[in-house]
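Peer 1: Could you build the full structure based on these sequences and the hints that come with them?
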Amino acid sequence: MADDKDVLRDVWFGRIPTCFTLNQDEVTEREAEPYYLLLPRVSYLTLVTDKVKKHFLKVMKAEDVEEMWFEYEGTPLKWHYPIGVLFDLHASNTVLPWSITVHFKNFPDRDLLHCPSSSIVEAHFMSSIKEADALKHKSQVVNDMQKKDHKQLWMGLQNDKFDQFWAMNRKLMEYSTEDGGFRYIPFRIYQTMSDRPFIQKLFRPVSPDGNVHTLGDLLKEMDPTALPNDGEPKRYQVVIHGIEPLLETPLQWLSEHLSHPDNFLHICIIPTPTD
Amino acid sequence: MGSWKSHVRAKLQQRDQMSQLEERFEIRKQILDDVQSKSIGRSGVDVGKNTRLLQLQLRESEHLAEKLSQTVSDLTTVLYLKEAELQYWQSRVSHCRQEALTLAKGSNTLKATVSQLEFTAECQSKELAALRAEQKGLKQTLAQAWTEKEELLQRWMEEKREEAVRLNKYNAAQERWQHWAKQLKRHRHRDMAKEDIPIATSSWSGTTQTSPSVTQRINNTAVIQQGHSDHNHDSAAAKV
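Chains as they are written, first to last, in my numbering: chain U, 1 to 275; chain L, 1 to 240.
Source of the hints: derived by calculation from the structure; they are not laboratory data.
Quantities reported herein were computed from a predicted structural model and do not represent experimental measurements.
Backbone N, C-alpha and C define an ideal beta-carbon position, used for all residues, glycine too.
Heads up, a few of these hints could be off.
[Claimed, not checked] So these bits of chain U aren't anywhere near chain L, every CB distance computed over 10 Å:
no.	residue
1	Phe13
2	His124
3	Gly180
4	Tyr184
[What the hints assert, rightly or not] Part of the chain L face toward chain U, derived, beta carbon under 10 Å:
no.	residue
5	Trp4
6	His7
7	Arg15
8	Ala65
9	Ala104
Peer 2: And the structure:
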C-alpha cells in the first residue's frame, strides 16, 4: 500500500540534527570545534560517529584517547538503544540541534556496554531481530533465512539502504490472514522515571474474542499510569519515532510500520513538558 | 484510511520538516559564507560586473524555476491520479482481505464441525461393534439352549415309549390272569358238580371263598407289577 510504504520511508529517513562537543575535561592540544551531524533515528550511535571521532582525534594526543562514549546532560547514552529512542527519551521537547558531549576518558562501565568495533553492534542488532522473530513467528522466518539474508539486513542498516533492508525485512513482517497478526508483538516500553531499563512482556495483537488490540490496550496493561485520566491534564507523552500516535492505533499496524530495524516497537513514555 | 493512520503520517511529515529546515539552513549558511569570502577578495570594479552577471544568473534561474514549477505541477496532477488509482486498488485489496478473513473463519467452523461429526461417527461405530459382539454371544447361547431342549424332548419321548411298553405288558398279564381265574372258576364249578360236593358257602354271608394259595399268588403278582411300574415311573420323572 502506497500510504503505508510512505510511512516506512518517513520512519527510515528520520534524522536528528546533532551538535557534538568535546567534554571540557579532555586534554587537547588546541580548542576543539563542535561537530554537526544529521543522525539517522533508526541507527546506533557507535555506527554513525566515525566522523565525530576522527574530528576530535585531530586535537588530541593519542595517549589521552580511550574508548569514545557519549553523554547528554549528565546521562551516559547507551549505544545499544536506537538513536531515535535516546533522543525521544532524554531530549525530546528541547531546542535543536541535540547537543551531545563526547568523552574519551572515564568510561562508565556501570552504565554502558563496551563497543570496540561495529561487529559488536552487528551482533546486538541480529540478536534483537532473532528475539523479535521468536516472538512473532517462533523464529521460523529468521531460521529459514540464509547467512547472506542476515547480512543483507545488517548491510542495509549500516549503509542506510532502505530498499536493500526492506527487501528482506518484509519477510519478517509477514503473517497469515487467518492469524490476523503476529503471535506476540515485540515491544519495549521505556520510562524516564523508572529504575528498570524497559518493560517487555508477551502481548498478542488480537484479543481471545477476536478484537484488535490497540496502543491504548497495551499501555492499559503494561503501564496504566501513562494513560490520561478523564478530566485531568495529560501527565505523560507516549512517543514512538518522535511522534505521539493516537491511542486507538492498532498495535499490529504499529508493529509492522513503526518498528525499528531491530523489529522491536520502541515506545517512550516521557513527562509532558510544563511550559 | 483510518484517522489514526492519517495522524501518524501527518505527524511524521511534521517531524521531518524540522530536520529539513535545519539542513536547508546549514546549506544556505555555507553558500552565504562562500559568497561573502569571494566578494571580499575582489576589487570594486569587479563588483559592478559581478552584480550584472548575478542579475543575469538570477533571471535565468527564475526562468528555469518557472519551467520546473510547471513540470512539478504536471507531475503533481499525475501523482494525484495515481494516488486515486492506488486508493481504489487499496480498497479492493482491503475488501478481498476481509473476504479472505471471513472465508478462513468459515473454513475453521466447518473444520470444527467435521471433526465433531467424525468423533460421533467413531463413537457410534464402536458402540455398533460392541452390540454385534453381544448379539453373537446371545445367538450362541440360544443355539445351545435349542440343542439342550431337543435332547430333553428326545429323552422324554423315549421314556414315554418305555412306559407305554410296560403298561401294555401289565395289561396283557392282567388279561391273562383274569382269563385263568375265569377258567379256574369254571373248572371248580364243573368239578363240584361232578363230585356233588356242596360248595362251602357261608350260609349267612353268601360270599364265595377262593383257595387261599391262588389268591395270594394273584395278589403277589399285582404287587410286583405295581412296584415295578412305580419304580420305572420314578426313574422317568427323575430323568425329566
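Peer 1: Tell me, which hint numbers fail for this structure?
Peer 2: The structure breaks hints 1, 3 and 8; every other hint is satisfied.
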